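Q: Sequence:
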Amino acid sequence: METRTKLMGPLFQQDSLCTYSHLLRIKMKKVLLKVRMQGRKRQVKPSNQKGPDVIQKIPPTISTQIPSQIPSEDEAVRTEKDPSTVGDPDLRAGIQQEVNDDVIEENWQEPVISDEELLDAKRCDGREDDDCLDFNPEVEFKKPNFELKVGQKFTNFRVFRFVLREWLVREGYEVTWVKNYSKKIIAKCAKGCTWRIRATPIQFESTFQIKSLKGEHVCAREYQNKHATAAYLSIKYQDKIRDNPRGALMGLKNDIMRDLMINVSIAKVGRAKRKAKDLMLGTDMEQYQKLWSYAATVRDTNPGSTIKIQMDRPTEGSNGTFERLYYCLHAYKQGFLDGCRPIIGLDGCFLKTAFGGQLLSALGRDGNDNMVPIAVAVVEVERYDSWKWFLELLMADLGMEKDNIP
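Counting in full-length UniProt numbering, the sequence shown runs from 1 upward without gaps.
Calculated directly from the structure, the hints in this document are not laboratory data.
Fair warning: this is a prediction, and the values are worked out from it, not measured in the lab.
Every residue, glycine too, gets a C-beta built ideally from N, C-alpha and C.
A portion of the hints provided could be inaccurate.
[What the hints assert, rightly or not] Each computed DMTMM-like pair below joins lysine to aspartate or glutamate, with the alpha-carbon atoms no more than 20 angstroms apart:
(1) K388 <-> D312
(2) K268 <-> E174
(3) K191 <-> E171
(4) K226 <-> E166
(5) K184 <-> E171
(6) K277 <-> D243
(7) K184 <-> E205
[Stated by the list, open to error] Label pairs and their calculated CB-CB ranges:
(8) Q224 <-> K149: 25 to 31 angstroms
(9) K211 <-> I266: 20 to 26 angstroms
(10) E286 <-> K191: 39 to 45 angstroms
(11) M311 <-> Q224: 26 to 32 angstroms
(12) E316 <-> E138: 54 to 60 angstroms
Generate coordinates for the entire structure from the input sequences, incorporating the hints supplied.
A: In structure tokens:
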């Protein structure tokens with residue numbers, strides 16, 4: 001034990017355990033053997049390259065190194081992370097050259113390609129990736145024509161059924177449903193063509209995928225397409241009916257013929273319009289449920305503002321029905337008090353919506369004779385009681401005394 005300690009020298013100045021020295025020798029052998037093998041490969045630079053010949057110095061093996069040149073365990077660990085931490089200059093140079101050569105060998109043949117070029121190459125290399133097969137109705141329906149392909153994926157069977165109906169109406173074809181439920185949809189041409197489509201869900205998922213699409217349509221276009229139902233037309237022309245709810249049915253029928261090349265009856269157009277209004281009415285009713293959240297947001301973001309909501313509750317604990325709304329922002333009333341004439345104009349008008357009502361407003365005049373809004377209110381009907389309710393809240397906001405009003 002004394003002889004081994006004497007031979008190793010500084011290696012055991014801090015720790016003299018035998019097991020520690022055995023593990024450290026194994027670690028040093030691995031590090032130095034790797035450096036020695038790499039140094040032999042780069043010992044002489046080829047003569048066909050430019051520049052003077054460079055001879056790489058090979059660090060001595062473990063058997064020829066003196067004890068002072070043997071790195072400690074901490075140095076061996078730091079060498080793997082950072083070559084500059086090695087104490088011996090020759091060993092540090094060999095490791096640094098090894099790192100530099102490895103980087104050069106890996107990158108010298110790789111061209112620099114931008115992310116856009118890589119993305120275009122992926123799209124145009126002729127392969128059908130899974131991401132490219134995901135059908136997005138919002139994007140595809142804006143195109144004049146879209147295609148159905150084998151492998152296309154849809155969110156669920158309802159989306160696939162809706163997309164297939166849209167494609168049939170645009171192309172003017174009719175199909176017969178062989179299978180039409182949540183686990184399998186199979187359709188074939190109703191006119192006897194060889195066209196046939198089959199779609200089923202992906203295993204353990206709700207995603208629907210087209211598994212087969214065979215044959216082609218050779219039949220003539222159908223101008224009285226049975227797939228253009230009243231429900232389909234109500235969804236497709238909902239925005240147009242919303243913009244012109246009192247429009248004539250004949251005008252809507254002509255729009256359908258012009259857009260889809262389908263001849264529908266006046267009765268079907270009437271049913272589609274009624275369904276569209278029902279959809280819009282349901283959408284508008286959902287907005288009334290958000291009034292409480294909107295009022296809380298206005299009070300938090302505009303301190304000093306006043307929003308009052310009055311409900312008609314026939315019984316205790318019932319949800320009630322919206323009746324009145326008073327709305328006055330702090331900036332409106334403060335601007336009137338600071339820079340407007342002491343004159344207030346009142347007016348009311350009809351609300352032309354599905355629910356009707358009256359809009360009451362209070363306006364002021366500034367120094368340039370411009371109208372300045374002060375407060376507005378939505379009431380069920382314009383009458384004495386609703387005007388009294390509106391004016392009492394307005395006077396409270398402006399700090400007026402009720403007795404001072406003639």
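Q: Between the alpha carbons of K184 and E171, is the straight-line distance 20 angstroms or under?
A: Since the Cα atoms of K184 and E171 sit roughly 23 angstroms apart, the hinted pair is violated (cutoff 20 angstroms).
Q: Quick one: are Q224 and K149 within 25 to 31 angstroms, going by C-beta?
A: Holds, since Q224 and K149 (Cβ atoms, about 28 angstroms apart) stay within the stated range.
Q: Are the Cα atoms of K388 and D312 separated by 20 angstroms or less?
A: Holds, because 18 angstroms separates the two Cα atoms, which is no more than 20 angstroms.
Q: If you draw a straight line from the CA of K191 to the CA of E171, is it 20 angstroms or shorter?
A: holds (14 angstroms)
Q: Please verify whether K268 and E174 have alpha carbons no more than 20 angstroms apart.
A: holds (18 angstroms)
Q: Return holds or violated for the Cβ distance of E316 and E138 against the range 54 to 60 angstroms.
A: 46 angstroms Cβ-Cβ, so the 54 to 60 angstroms window is violated.
Q: Assess, step by step, whether the Cα of K184 is no farther than 20 angstroms from the Cα of E205, and give holds or violated.
A: holds (13 angstroms)
Q: With the threshold set at 20 angstroms, check whether the alpha-carbon distance from K277 to D243 stays at or below it.
A: holds (11 angstroms)
Q: Falls inside 39 to 45 angstroms, the C-beta gap from E286 to K191?
A: holds (43 angstroms)
Q: For the pair supplied as a hint, K226 and E166, confirm whether the alpha-carbon distance does not exceed 20 angstroms.
A: Given pair K226, E166 holds - Cα atoms ~12 angstroms apart, limit 20 angstroms.
Q: Could you say whether the range 26 to 32 angstroms given as a hint is met by the Cβ separation of M311 and Q224?
A: violated (49 angstroms)
Q: Just to be sure I understand the hint, the distance between the Cβ atoms of K211 and I266 should be within 20 to 26 angstroms; is that true here?
A: violated (41 angstroms)
Violated hints, in rising order: 5, 9, 11 and 12; the structure is consistent with all others.
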